[in-house]
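J.: Listed below are the residues making up each chain.
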Amino acid sequence: GNSVTQMEGPVTLSEEAFLTINCTYTATGYPSLFWYVQYPGEGLQLLLKATKADDKGSNKGFEATYRKETTSFHLEKGSVQVSDSAVYFCALKGSSNTGKLIFGQGTTLQVKP
Amino acid sequence: SAVISQKPSRDICQRGTSLTIQCQVDSQVTMMFWYRQQPGQSLTLIATANQGSEATYESGFVIDKFPISRPNLTFSTLTVSNMSPEDSSIYLCSVGTGTGPGEQYFGPGTRLTVT
Chain W
1 GNSVTQMEGP
11 VTLSEEAFLT
21 INCTYTATGY
31 PSLFWYVQYP
41 GEGLQLLLKA
51 TKADDKGSNK
61 GFEATYRKET
71 TSFHLEKGSV
81 QVSDSAVYFC
91 ALKGSSNTGK
101 LIFGQGTTLQ
111 VKP
Chain U
1 SAVISQKPSR
11 DICQRGTSLT
21 IQCQVDSQVT
31 MMFWYRQQPG
41 QSLTLIATAN
51 QGSEATYESG
61 FVIDKFPISR
71 PNLTFSTLTV
81 SNMSPEDSSI
91 YLCSVGTGTG
101 PGEQYFGPGT
111 RLTVT
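Sequence lines, in order, name chains W and U.
Note that the working numbering numbers the first sequence so that position 75 is 75, with each residue one more than the last.
Note that the working numbering numbers the second sequence so that position 49 is 49, with each residue one more than the last.
The set of hints was computed from the structure by calculation and includes no laboratory data.
Note that the coordinates shown come from a computational prediction; the quantities given were computed from them, not determined experimentally.
Careful: at least some of the hints might be erroneous.
Label-pair restraints from in silico Cβ distances [claimed, not checked]:
| # | chain 1 | residue 1 | chain 2 | residue 2 | range |
| --- | --- | --- | --- | --- | --- |
| 1 | W | Lys56 | U | Gln24 | 32 to 38 Å |
| 2 | W | Pro10 | U | Arg10 | 43 to 49 Å |
| 3 | W | Leu13 | U | Phe75 | 39 to 45 Å |
| 4 | W | Thr71 | U | Arg10 | 25 to 31 Å |
| 5 | W | Glu42 | U | Thr97 | 19 to 25 Å |
Listed below are the simulated SDA-like cross-link pairs for lysine to any residue, each with C-alpha atoms no more than 25 Å apart in a straight line [to be verified]:
| # | chain 1 | residue 1 | chain 2 | residue 2 |
| --- | --- | --- | --- | --- |
| 6 | W | Lys100 | U | Leu45 |
| 7 | W | Lys77 | U | Gly40 |
| 8 | W | Lys100 | U | Asp87 |
| 9 | W | Lys100 | U | Lys7 |
| 10 | U | Lys65 | W | Gly43 |
| 11 | W | Lys100 | U | Arg15 |
| 12 | U | Lys7 | U | Gln38 |
| 13 | W | Lys100 | U | Phe66 |
| 14 | U | Lys7 | U | Ser27 |
Glycine included, each C-beta is placed from N, C-alpha and C at the ideal position.
Build out the structure end to end from the sequences listed, making use of the hints.
T.: So, in structure tokens, the structure goes:
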């Protein structure tokens with residue numbers, strides 16, 4: 001079945017450092033891929049998405065490229081801020097029309113000033 | 001994107017009791033979902049709330065424990081029945097359009113503690 005694997009956290013960075021959070025997936029067909037962010041005490045927010053191979057999703061300085069050859073959707077940001085401290089979830093929606101999302105286990109990012 | 005509200009935002013309940021969580025959306029949506037997020041964990045789908053018919057439950061979740069209603073396209077409820085401390089979690093509802101990339105939008109969640 002479909003699954004999503006994220007790198008283990010927590011990830012601790014200094015402000016202005018480069019961020020990469022790895023995400024790989026297993027799915028049949030052509031899934032859609034998403035990154036969600038959960039700030040402390042808040043619900044999940046959609047950060048970015050990509051629907052087909054080589055698509056790049058971007059938002060708020062974050063980027064992720066849909067790599068079908070490596071089944072990956074790594075999240076990157078060139079210069080993180082303290083306000084980026086949150087839990088980041090990679091997710092996929094499979095080719096079926098059930099609408100279900102499969103989530104990775106989440107990666108906690110802590111950015112220190 | 002839709003605006004989603006949930007009530008209550010948090011509650012502390014005694015074991016053996018039941019709690020009903022409400023999810024209200026500001027527009028009609030095709031798909032509504034209920035998730036559980038246990039402390040420090042990822043999201044697990046409980047069920048898809050179907051308008052006008054019984055919910056579709058995921059493996060490991062049953063209607064007797066988590067009855068769901070969806071009387072119209074903007075509202076759903078999830079009841080957590082006969083609660084135990086293991087039910088302490090954040091419960092989130094989400095909505096999807098059912099078309100396009102398939103992203104979902106989430107409510108703020110209900111933080112449930114069972115003592």
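J.: For every hint, state whether the structure bears it out.
T.: Tested hints:
1. Look at lysine 56/W against glutamine 24/U: about 35 Å separates their beta carbons, and that is inside 32 to 38 Å.
2. A hinted range of 43 to 49 Å is violated for the C-beta pair proline 10/W and arginine 10/U, which are about 25 Å apart.
3. Taken as a hint, the range 39 to 45 Å holds for the pair leucine 13/W and phenylalanine 75/U, whose Cβ atoms sit roughly 42 Å apart.
4. Our hint of 25 to 31 Å for threonine 71/W and arginine 10/U is violated, since their Cβ atoms are close to 38 Å apart.
5. Remark: the range hint 19 to 25 Å for glutamate 42/W to threonine 97/U is upheld by a beta-carbon distance near 22 Å.
6. Restraint check: the Cα-Cα separation between lysine 100/W and leucine 45/U comes to about 8 Å, which is no more than 25 Å; the hinted pair holds.
7. Taking the CA atoms of lysine 77/W and glycine 40/U, the gap is about 24 Å. The hint holds against a cut of 25 Å.
8. Under the criterion of a C-alpha separation no larger than 25 Å, the hint pairing lysine 100/W with aspartate 87/U is consistent with the structure, at around 22 Å.
9. About 23 Å separates the Cα atoms of lysine 100/W and lysine 7/U, which keeps this hinted pair within 25 Å; it holds.
10. For a cut-off of 25 Å, the pair hint linking lysine 65/U to glycine 43/W stands: about 24 Å separates their Cα positions.
11. A threshold of 25 Å between alpha carbons decides the hint, and for lysine 100/W with arginine 15/U the separation of about 31 Å lies outside it, so the pair is violated.
12. Proposed proximity of lysine 7/U and glutamine 38/U is supported: the alpha carbons are some 18 Å apart, at most 25 Å.
13. In summary, the hint linking lysine 100/W to phenylalanine 66/U is supported, as the alpha carbons are separated by about 18 Å, within the 25 Å threshold.
14. Of the pairs offered as hints, the one joining lysine 7/U and serine 27/U holds, with about 17 Å between alpha carbons and a cut-off of 25 Å not exceeded.
Checked against the numbered hints above, the structure breaks hints 2, 4, 11 and satisfies the rest.
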